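J.: Sequence order for the protein chains is A, B, C and D. Numbered per our numbering, the first sequence finishes at 344, counting up by one with no gaps. Numbered per our numbering, the second sequence finishes at 344, counting up by one with no gaps. Numbered per our numbering, the third sequence finishes at 344, counting up by one with no gaps. Numbered per our numbering, the fourth sequence finishes at 344, counting up by one with no gaps.
None of these hints come from the bench; they were simulated from the model. Just so you know, these numbers come straight off a predicted model, no measurement behind them. Ideal Cβ positions, reconstructed from N, Cα and C, are used throughout, including at glycine. Don't take every hint at face value.
Stretch-level coverage of chain B by chain C, calculated; a stretch enters the list once three of its residues show a Cβ under 8 Å from a Cβ in chain C [claimed, not checked]:
id, region
1, 243–252
2, 324–337
In the DSSO-like style, the derived pairs of lysine-lysine whose C-alpha atoms are separated by at most 30 Å in a straight line are [what the hints assert, rightly or not]:
id, chain 1, residue 1, chain 2, residue 2
3, B, 29, D, 307
4, D, 307, C, 72
5, A, 29, A, 12
6, B, 17, D, 69
7, A, 72, C, 72
8, A, 29, C, 69
Here are the in silico distance ranges between beta carbons for each label pair [said to hold, decoys possible]:
id, chain 1, residue 1, chain 2, residue 2, range
9, B, 46, C, 246, 25 to 31 Å
10, D, 146, A, 17, 28 to 34 Å
11, C, 7, A, 229, 26 to 32 Å
Protein chains: 4
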Amino acid sequence: MIVVMGPNSTKNDAEKVLSHIETKVGLKAHMIAGEAQNVIGVIGQIYPELQNELELMPGVGEVIRVSKPYKLAGRDFHPDDSVIKVGDVSIGGNEMVVMAGPCAVEDRQQILDTARIAKASGARILRGGAFKPRSSPYSFRGLGEEGLRLLSEARDETGLPIITEVMNSNDVELVERHADILQIGARNVQNFNLLDVVGQIRKPVLLKRGFSTSYEEWLLSAEYIIAGGNHQVILCERGIRTFETYTRNTLDLEAIPVIKKLSHLPIVVDPSHATGRWDLVTPMALAAVAAGAHGLLIEVHPNPDKALSDGPQSLNFDNFQRLMEGVRGIAGAVGRTVAPGQG
Amino acid sequence: MIVVMGPNSTKNDAEKVLSHIETKVGLKAHMIAGEAQNVIGVIGQIYPELQNELELMPGVGEVIRVSKPYKLAGRDFHPDDSVIKVGDVSIGGNEMVVMAGPCAVEDRQQILDTARIAKASGARILRGGAFKPRSSPYSFRGLGEEGLRLLSEARDETGLPIITEVMNSNDVELVERHADILQIGARNVQNFNLLDVVGQIRKPVLLKRGFSTSYEEWLLSAEYIIAGGNHQVILCERGIRTFETYTRNTLDLEAIPVIKKLSHLPIVVDPSHATGRWDLVTPMALAAVAAGAHGLLIEVHPNPDKALSDGPQSLNFDNFQRLMEGVRGIAGAVGRTVAPGQG
Amino acid sequence: MIVVMGPNSTKNDAEKVLSHIETKVGLKAHMIAGEAQNVIGVIGQIYPELQNELELMPGVGEVIRVSKPYKLAGRDFHPDDSVIKVGDVSIGGNEMVVMAGPCAVEDRQQILDTARIAKASGARILRGGAFKPRSSPYSFRGLGEEGLRLLSEARDETGLPIITEVMNSNDVELVERHADILQIGARNVQNFNLLDVVGQIRKPVLLKRGFSTSYEEWLLSAEYIIAGGNHQVILCERGIRTFETYTRNTLDLEAIPVIKKLSHLPIVVDPSHATGRWDLVTPMALAAVAAGAHGLLIEVHPNPDKALSDGPQSLNFDNFQRLMEGVRGIAGAVGRTVAPGQG
Amino acid sequence: MIVVMGPNSTKNDAEKVLSHIETKVGLKAHMIAGEAQNVIGVIGQIYPELQNELELMPGVGEVIRVSKPYKLAGRDFHPDDSVIKVGDVSIGGNEMVVMAGPCAVEDRQQILDTARIAKASGARILRGGAFKPRSSPYSFRGLGEEGLRLLSEARDETGLPIITEVMNSNDVELVERHADILQIGARNVQNFNLLDVVGQIRKPVLLKRGFSTSYEEWLLSAEYIIAGGNHQVILCERGIRTFETYTRNTLDLEAIPVIKKLSHLPIVVDPSHATGRWDLVTPMALAAVAAGAHGLLIEVHPNPDKALSDGPQSLNFDNFQRLMEGVRGIAGAVGRTVAPGQG
């Protein structure tokens, strides 16, 4: 940590800062006398509140944190990539893993048909919502436990592991019984209670970035889960909120190389929720693969114009198969593999 | 709802849209033939998914929602201001209500001292966090139930009703036992499960706007609570996330007149969290009063540079008293009252 | 400037950084050996490109600029407020100065009527656009030189100094002949050629903040003008672009206390352009005065629903008079003066 | 255009709107009586100010524009892609065109070396700045006319057409004499005077999106140029400003499929300025190609750590050659061609 004294601060101000730091166990301070400004370096076991304490002292201009506030999620002390195993699927390695399925599970036929097509096209994981976050209380909120049972049935038939969202700490036990990967949605990225609870389980968690979550905050939310004991965290970029309103969100693909630099955790991309329009999903999926994503989350629906939730962003089966062909081409060009379709 | 057909759509496309609408119970469609484009007006009981369905039909250019998606929180069907009573305090009427206290309850002395000063200066409600949302898992997260007990003791002594945050639906019963107003924080504005649960209680709820929540989403979140049966919702603007990083957030004071136009609910402002710097709190508090806020949430701490949470944004007692004098002046200038200090 | 070496950097990396700095004339480097990371302080005449050079060196984690990049616009070396004189009006002192008039000058009657009402209500400066920036090439772009002549006539009759926008360096000479204050619009805040040219003149310049200009960039743009020799710069906050679309822009009133802290230049607020809606102008104007603005820019039009430009955000004469009464009340409450109306 | 009357509006309000519209030459109005709200459709030659006029009339809730405000830049009346020819290079067709070179021309050796490498690697156009926009007045602002002469020399030697920025309408004639494509930078996207002037020339113009320019505003700026008579406009996405500060800007690759849908103009991407970090340039360049960009603008420098401008975002020759290999792979996978290197 570095304390920059203001240009009009006195020698006495700087000395008070020095002595404040040195009264703390495990901290040392070094002073650099500049021509215009003095700078104090702080070394040792810095606790989160220290920055605030120092910023308030007379004469202090700025306090700059140097080391990153996330240790377990960061790459500094964990240089190798984390690879998360779900059945025979590995996320975070050389295979580009496609997770596909409907936004919401609606009925038995819908989820089974989609699961079969997903598998036949090369998807490796089946997605589907049983609990749906909806901004209006009057919208369809999902089938709940019945949806989880239908997903399990689709897994039993196809062998595809399933990922589904958990919105609330009380449902974690129930969702964990059915799901292979638990998804934390964008609106819950800083629901710290939920993060604590999924930190206690032993199944992988896919943590979506919030609409306006910085990289650092996102990694701190991952840190909550890992600090709880669950190291199997997958990050998912799904678009951020900007001034542009033509699309639902702006997909931030810079997140892929940045997160790979800052963290050892796998990063996947959800172009369906980011764009909110099915005709933008394929170009953004291909772009994500080219940029190095470890996986994709894609909404597929047998009949998007009858979907109970987010129909406009879902691909029908034909368009999904075309997307998979495109993904295969790009993955090949960047030296990554994609599972073959299993008709 | 209005459906604008694309410029290259056919007559047949428009007829399919018409017939899709007219098969639905309770809906009627009217066609306006334009020179360049056709437009279809939809009248009746529109369900949330209809927009999506129509947007996907061939030839459709745009689907525009005309009526607001929130009914209970909106002013259209509730033209008079809601006034929320907490003990002998009314929020939403002519009195400008100040809620003051520390970010986090730290110990008995701290909360009692602050409560006394708050009351002596004219604050009407005591704030204080027992459960603290923190972006890092390593930061102080509040005293929990012990904090609630200390708040209750401060209320018993001073007579000030208390407001405190509830972060999680499992804690609602506990917090409700102690608090007079339950606060939902910015990060939980779309924690729909928590909104559902506080919709079941019969105490007022203060709902903070999220960092990147639009006015419409915010009112829809209020709609969740009211739809559950709890009509006592107070809205709180606390700054939004923008590109500017010098301050923690950008306080959006346009929210005050806009929310008053769109909704009958009271709106208060939290300049402490918005700015993140104590030296900006007073000017922003005065501005909020001038713009018509029904109340203020202000962080006060006996010793801000020792605070365990958000010290840099807390006022010390002297500065709080000066803020109250300023608030009194502005409130008078706009024809509002502020409670006198009760030494 | 401070160079933070990465956690995996070598001693050799740090030595190369040290020697790179010490080869430069006027620079010195100091090393602080930390437990986890080394930090190098740089002292002396830092040139703008040094940060880039250092960031690219092997092992460097971060380079942090400590001193502010604007010297002439900043308060560090100019602690007293600048007060800009225009005729007998002082901007930046204790008087809250209202500048009022139509968005665009449309005809003789319109500008003369508005000027008289402005003066009668206590406005001190007449605003009006002769050259109008318009996002569509098909919109009314202003009367040009004829508009300037009409403004001059209105000044001759009422004695009010005039402010008007200059969009382009070729027009500076022409606009300077007529105007008392030249306005640089939000879209031109980084039109560096225009900034250079108005730096050569000797009349005050009102520099609007751009839609997405940070405080630092804004002050750097002011620095361009002052570095050219023109010290008479007035800053004007006019709303920033955020995710919220209900209003045209989000008025950032935190800019008032922040700019007063960072800079000695006067700061005024334009609530008309920020909100884009006349019914939000008065609450935001009052808020700006409460927060400490040195002045206001207000759109007034004799007949807003016939205005050729930005009618929806203009006040009619009655509403403007009410605004002035409100402003007078708030200004009084914060110890500021407003000129009396001069019927 | 559609006028939605407010829920509390009267029949008389609606009739006044109808009659206001019908007094205008070339406009017709149709009324749809809804159960809750009345809606009025407006057909005919709508002028830009009509929306404002109607929004202000009593009882009007909302006025919705249906047709797009840009005609010449839009695809509705120009369904085929525009292909812009520069020498033997076509931009907007099947070839993915790479434009490469240094941020700023610094000296003869630098630009000639870079031009040779660019050509040898398969770049088709040489970029280089002679006039540089810089947020600080104290930074290097480019070599000016001397830079243009050096670029011309590099073209003469290599045969690569050149693109360079023009910041100011007075320089258009000079820049046009040397350049094959004139670039308008992000900060000038709404410098309407400059847009007017480059609308008069007969060389292609590359128009960068501003930091906070919406798709519609960007296309309206293109409309300025085309309305002036110059149809050769190339759009360039270069990142937008968001809340995320780790990277310089957030590259919005959704712009590629969206602009292709809304407009017939070619769209290229500048990952160097968007990211501000050389290590993010290649992944974002590959993503842009995968998403369908017609071209790329890439900063290359023989010695990035000595660059006078934007060194940290420039690739050295080795990294540029690797980027070109990657681009070739992705382009092949999506059925596009890239010119072979011409050593």
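J.: Failing hints, ascending?
T.: Numbers 3, 7 and 10 - these are the hints that the structure violates, sorted from lowest upward.
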